[in-house]
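Could you put together the complete structure from these sequences and hints?
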Amino acid sequence: DAKTTQPPSMDCAEGRAANLPCNHSTISGNEYVYWYRQIHSQGPQYIIHGLKNNETNEMASLIITEDRKSSTLILPHATLRDTAVYYCTAQNFGNEKLTFGTGTRLTIIP
Amino acid sequence: NAGVTQTPKFQVLKTGQSMTLQCAQDMNHEYMSWYRQDPGMGLRLIHYSVGAGITDQGEVPNGYNVSRSTTEDFPLRLLSAAPSQTSVYFCASSILAGKYEQYFGPGTRLTVT
Numbered sequence: 234d235a236k237t238t239q240p241p242s243m244d245c246a247e248g249r250a251a252n253l254p255c256n257h258s259t260i261s262g263n264e265y266v267y268w269y270r271q272i273h274s275q276g277p278q279y280i281i282h283g284l285k286n287n288e289t290n291e292m293a294s295l296i297i298t299e300d301r302k303s304s305t306l307i308l309p310h311a312t313l314r315d316t317a318v319y320y321c322t323a324q325n326f327g328n329e330k331l332t333f334g335t336g337t338r339l340t341i342i343p
Numbered sequence: 031n032a033g034v035t036q037t038p039k040f041q042v043l044k045t046g047q048s049m050t051l052q053c054a055q056d057m058n059h060e061y062m063s064w065y066r067q068d069p070g071m072g073l074r075l076i077h078y079s080v081g082a083g084i085t086d087q088g089e090v091p092n093g094y095n096v097s098r099s100t101t102e103d104f105p106l107r108l109l110s111a112a113p114s115q116t117s118v119y120f121c122a123s124s125i126l127a128g129k130y131e132q133y134f135g136p137g138t139r140l141t142v143t
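Keeping their order, the protein sequence lines are chains A and B.
Residues 234 to 343 in this note's numbering are what the first sequence lists, from first letter to last.
Residues 31 to 143 in this note's numbering are what the second sequence lists, from first letter to last.
Be a bit skeptical, because a hint or two may be false.
Here are the simulated lysine to any residue pairs, SDA-like style, with alpha carbons at most 20 Å apart [to be verified]:
1) 129(B) / 310(A)
2) 330(A) / 41(B)
3) 236(A) / 87(B)
4) 330(A) / 95(B)
Which stretches of chain B does chain A cover? Using the computed rule of at least three CB atoms under 8 Å from a CB of chain A, they are [to be verified]:
5) 42–53
6) 58–67
7) 84–94
8) 102–115
Examples of chain A residues toward chain B, derived with CB under 8 Å [as the list claims (entries may be wrong)]:
9) 324
10) 325
11) 326
Hints are computed from structural coordinates only; laboratory data are not their basis.
For each residue, glycine too, the CB sits at the ideal point set by N, CA and C.
Right under this line is the structure:
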């Protein structure tokens, strides 16, 4: 499975859009990009995933570049409750070893 | 659905003691996994299972045993606890390995003195 690289930390002002980047330059054609977040010390929570098209759900938007080597998770109007560690992973069907990197610690500033 | 449940929430062990961390899911998921998370670190995969009767090692399996006798349960055993196993342990499940998102339990915070 592809290795992902994320910045260790980011700040964002409350009410602004938070844009979290992820590099996955070795991703294969059938690997999906998944995003999770972990609030404080709770269990991680699934946010969104995509293959090549941009995706949007009630939590966030996912923008994947045309060459699929990177993606950006967008939280459109960040609130204090969005302060968390965000993990980007790449996975595909049959990939049994689902590993996580160290993620990006996002802090929303009041 | 209760989702993924873990017991206990907190545990303190002395070096050399053994214990089992319990994990159960009621979503009929085939794939289950165990991760550990050390302070300020990401999640590291310990063991995983793609179905009842099938288990395999993850990134950091030493010191841990698992079994999967039913679809619902995936216990993690520490045979002889060491201070290096002090960590927060998360269990997760998914419909199928790699194809769908994982659902995580609330975690077990383990301290080994």
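Cross-check of the supplied hints:
no.	hint	verdict
1	129(B) / 310(A)	29 Å, violated
2	330(A) / 41(B)	27 Å, violated
3	236(A) / 87(B)	19 Å, holds
4	330(A) / 95(B)	17 Å, holds
5	42–53	violated (count 0)
6	58–67	holds (count 3)
7	84–94	holds (count 3)
8	102–115	violated (count 0)
9	324	5 Å, holds
10	325	5 Å, holds
11	326	4 Å, holds
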